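Start from the sequences, fold in the hints, and give me the full structure.
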Amino acid sequence: MKKITLKVNNESRFVHVEPNEILLDVLRDKLGIKSPKSGCERGDCGACTILLNGESVKSCLVFAIECDGMDIRTIEGLSEKGLSELQESFIKHNSFQCGFCAPGVIISAAELLEHNPKPNREEIKEAIAGNLCRCTGYESIIEAVEDLVSKK
Amino acid sequence: MKIFHESAAYHVSGKAVYIDDIQVSDQILNGYLYTSPYAHAKILKFDLSEARKTNGVSAILSYRDLPGENQMGPIVHDEPVLAEKSVEFIGQAIFLIAAQTEEAALEAKKKISIEFEELPAVTTLKQGIEQNSFLQAQRKIEIGNTEKALKETKNTLSGEIEIGGQEHWYLETQVCLCVPGEGMEMKAYASTQNPAETQAIIAEVLGVSKHQIEVETRRLGGAFGGKETQGNHVAAWAAVLANHTKRPVKVRLQRDEDQKITGKRHPFLIKYTAGYNDEGLIEAVDLELFANAGYATDLTMAVLERAMMHAENAYFIPNMRIIGKPVKTNLPSNTAFRGFGGPQGMIGIETIIDIVARKLQKDSAEIRFKNLYGIHDKNITPYGQKVENNRLFMLYEQLVKSSEYQMRRKDVERYNAQNEFSKRGLAMTPVKFGISFTTAFLNQAGALVNLYTDGSVLLNHGGVEMGQGLHTKMQQIAALEFGIDIDLVKVNATNTSKVPNTSPTAASSGTDLNGMAVKIAVDKLKARLAKVAVKKLAELQQGLNFVEEDIVFEKNAVFSSKYSDLKIGFQQIVNAAWLERESLSATGFYSTPGVHFDRTEGKGQPFFYFAFGMAVTEVEIDVLTGQHHVLRADILHDAGESLNRSIDIGQVEGAYVQGLGWVTSEEMKYDTKGNLLNHSPDTYKIPGVRDIPQIFNVKLLEGAPNPTTIRKSKAVGEPPFMLAISAYMALRDAVSAVGNHKLEPDLQLPATNEWIVLACRKLRNMLMC
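First to last, the protein sequences are chains A and B.
Reminder that position 134 of the first sequence reads as 134 in the numbering used here, one-by-one numbering, no gaps.
Reminder that position 336 of the second sequence reads as 336 in the numbering used here, one-by-one numbering, no gaps.
One or more of the hints may lead you astray.
Ranges between beta-carbon positions, derived for each pair [said to hold, decoys possible]:
1) A:R42 to B:M1: 38 to 48 angstroms
2) A:K7 to B:K42: 50 to 60 angstroms
3) B:D487 to A:K152: 26 to 36 angstroms
4) B:Q127 to A:K7: 55 to 65 angstroms
5) B:K15 to A:K7: 13 to 23 angstroms
Below are the DSBU-like pairs computed for lysine-lysine, each with C-alpha atoms no more than 30 angstroms apart in a straight line [unchecked claim]:
6) B:K15 to A:K125
7) A:K81 to B:K2
8) B:K685 to B:K673
9) A:K30 to B:K673
10) A:K92 to B:K15
Since the hints were made in silico from the structure, they are not lab data.
Bear in mind the structure is a predicted one, so any value in this text is a computation, not a measurement.
All C-beta atoms, glycine included, are put in the ideal place defined by N, C-alpha and C.
Structure representation (C-alpha cells):
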C-alpha cells in the first residue's frame, strides 16, 4: 500500500493504493467518484474517460499509483458551478438515452472544446471516436456540440 | 414544447445512479462465477473443500447449496441456476463464489477440483440441422396453396441465406445487487427489463414466496432485449449468495464474461423458394426458418414465431408457407434482441425481392412497390390478420421524393460505369412491424399514481427505463391528463412492491401498455377531484350550477367549462380532497383488447396494430478491400402522433445504427469447440461515430395518427431497427455492380469487409471465366 495524493475536481484527496490498483476502481470504490463507468475494462468503450492533468485518458488503463500528485477532472467537476453550456446543450438535444456513455462522451467533448472552440463536424467525430454509444447512433451527440459551437 | 429526457440532467452531470453506483456498506461481497470450459460434458466429481479455505472468500456454492429450485428458465424450466450432472455450453455457471476481492475469488477458483468427461457438442446451426437437434416441434403458418402455386408460376428461384447473431453490447453489463432483510426478505436492485420475473425467479430459487422479494430498477444502462430474461441470471446468483452469507452481494459480469456467457440475437438459416411473374409480382413463397436457439429454450419459440410473422414483411403474398424450426446447439441460450426475430424474418423476403429485381433487370424499389400490401385488397397476412391503417404508400411517395431516389439511382449507375474498383449501391426497403406481445396474456400493464397534498404526483408503473424515454413519456402523459406542469410529476423507480405482476418492458409495448394504465389511474383520481371541485366551486360562487362532467383540468388549475373564469389551483383542489377524506392514490390497469393467436392453426389477430417505416440507403464499397461507407440514409418513420418527437427520432436513429452494426460489422466468430473468439470491443465491432451515415436524414411521418392507442401514438422501439436492411440491400447492390447486375452476389449477413471483398472477387472471377 502506498499513500498517494490526487487532486480530484479541485479537491486534494489522499488514498492508499496497491501497486496494481486501477485508477477507475480507486476513483469509484475508494473516492466515491461514480461518474466514470466500467464498460469494457480494456480502454475500448470510453465510458471511463476522465481528464488526467488536462488530457483525456481511459481511467481503466491507468494504475492509480502512477497518478500521485496529478490533477483529475470528471464530469462531477464540470458542473460544480451549475451545468456547463456543453452539458446544457446535451440536455436540450436529448443527446443521451440510457446515459451510461454520457460521462465519457462529455469529457471527450469538453477536452475538444478546450483546445478547439470552433470544431467542425469531422473534428467533433474525431474527438468522440473513442467513446462507444449503443443507444443513440451518435447523431444527437454530434448535433449538441455543433449547435453549441454555432452559437459562439 | 420540447420535453427532455427525465434523467437528462442526471446523465450529463454524472449523478444518474446505475446499480454499480449504489453506495452500500463495507460489508458487501462480490459474487463471481466458476464456469464450464466445455460446450458439452459430464461433471464426474468435484471438491470445494480446499477452495473454501481461501482468505477473503465467504462462500463457494454448488447446486447442492441452493435452498429452492435449481431453475431460472423463464418459460420452459430447462436452465439450471448451477449445473448439476452436466454442462451444455462454454461459460455455463457451475459454482458461485462470494469474495471480498476479485483476487481472492481467482485464488479460490484455482483450488476448485472438478473432473469432466467431454461429450460431442453441436457448435454450429448447420451441425444442429444435420443432426436433427431440435428444441421443440416445428411451427407452421400458411396461406393459399404454396405447392400448387409454385408449380404454376412462371419463374422460380431458390437458395439459402445465413444470418448472423448479434451481441447486445449494452454499455452496462449484467448486474444485480441483493441486500438481505429480516427473515427471508431480499431486496434486489436488478438491471432487468422484467422486474416481476426477476422477483419470481429469485423467489423460486430461494424457495420463498414472492412477497418476500422486492425488485427495484431505477434505470438500465442499455438492454435492447438482453435483459428481458437474462438479467434474471445474475439476480438469481446474487440472491443465492446474499441469502447464504446474509450480507449484501453484487454480481456484475465483466465485459468479456458477459459477451461469452449471455445469449444473443438468434442466428438464422433461411431456405427459400419463390415464384414470380414477369412483372415481378411474387406469387408464392416457401420458407424454412431455422433459429439457432443455443442450449435452452429461453424466448426462442416467441422469437421464431415473430420471425415467421414477419417473413412477408410489407408484401402481400397470396401463397406462402413458413416453417419455423428451433435448433438446439451447445451455445449460450439466445434471447430477445430488438426486433425479436422480425429482422431475421424480413431478410428472407427482402433477399428474394432483390434477386427477382436482378433477374428481371428492374429497379428493386419498383419490385418492392409492386408487392406492397394493398389498402382495400391484397391486405391479408399469412396468419390471417388484415393490415389496417396501411401507411406504406404514404411513406413510399414521400420518401421517393425527399430522398431523390430516381435521380440518385442514375447517379449511382453513372458512378459505377466510371469506376472499376469503387462501386456504389442504393436500396429502398420498407418495414411493417406488428405491435403487441404475440403471447396474448402479456399484453397487460399496471400503474399506481399517488397525489400528495402539495399537488406533486408520484407515478409508478410497471415499465422499465432503459434509455428509451419511457419514463419521460409516462411523465408527459400524467402531466397532460392532469393538466399540470411536467415537473410536478416524478416517475418512481420501477418496483415490484408498487406495481405487481407486470410484463417485461419489451416488444416495443412499454408506452402503449403503461401509458394507458397511467391514464386510467389518472382518470380515477380526476373523477374524485372533480367531485370535490364541484363542491368547492359552488362554495366560491353560489347560485351557479356546477357538475362533475364539466370539470376541466388545465394549466395547473381546475374549473368548469361553463364558468371558466372561476378557477381553483390544482394544489388547492388536491389539498381540499384530502380534507374531504378522498383517496389520493389510484391504480390503473390496462389490457390490450382483441389480440389472440392460435399456434396450432397458425392463424389469429396477434397484433393490435402495425408500425411502418421506410429507408433509402446509399453505400460505397472498395472492391479490392471490401471497405465500405454509408454515404447517405434517408428515413421516414411512422410513430403515429409522436408523444415526443425528439425521443422518437433518437429511437429511430439509434435503431438504424444498431441495425447497421448487425448487417455490416458485428460478426461473431467461434472455434470448433464452441468458444466465442471475439468477446470484447477490440474484436467485436459495434458501430462507432465514424460508421454512421455521412448524410443522415431522419423524419417522422406527419398526419398519420394511430386511432386506438394512448394519445394516438405508436410504438417506436423496435420497428426502425429493420430500416437498416436497406443498408444490407444497398451493399448487395454495390457488390452486384461488380458483375454489372448480371450475376447474383453471394453476400452473407453481416456483410463485413471480408465478406464483401470475397463476394466481389467471386463475381470478378466469374466475369473472367
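Verification of the hints:
1. The supplied range of 38 to 48 angstroms is met by R42 of chain A and M1 of chain B, whose beta-carbon atoms lie about 43 angstroms from each other.
2. The given range of 50 to 60 angstroms is respected by K7 of chain A and K42 of chain B, whose C-beta atoms sit roughly 57 angstroms from each other.
3. The beta-carbon spacing between D487 of chain B and K152 of chain A, approximately 29 angstroms, falls within the hinted interval of 26 to 36 angstroms.
4. About 58 angstroms separates the C-beta atoms of Q127 of chain B and K7 of chain A, a value consistent with the hinted range of 55 to 65 angstroms.
5. For the pair K15 of chain B and K7 of chain A, the supplied restraint of 13 to 23 angstroms holds, since their beta-carbon distance comes to about 21 angstroms.
6. Under the criterion of a C-alpha separation no larger than 30 angstroms, the hint pairing K15 of chain B with K125 of chain A is consistent with the structure, at around 25 angstroms.
7. For the hint pairing K81 of chain A with K2 of chain B, the CA-to-CA distance comes to about 25 angstroms; that is within 30 angstroms, so the pair holds.
8. A distance of roughly 23 angstroms separates the Cα atoms of K685 of chain B and K673 of chain B; the hinted pair therefore holds under the 30 angstroms criterion.
9. With a CA separation close to 41 angstroms, the supplied pair K30 of chain A and K673 of chain B exceeds the 30 angstroms bound.
10. For the hint linking K92 of chain A to K15 of chain B, the alpha-carbon distance of about 17 angstroms falls within 30 angstroms, and the restraint holds.
The structure is inconsistent with hint 9 alone, although it conforms to all the rest.
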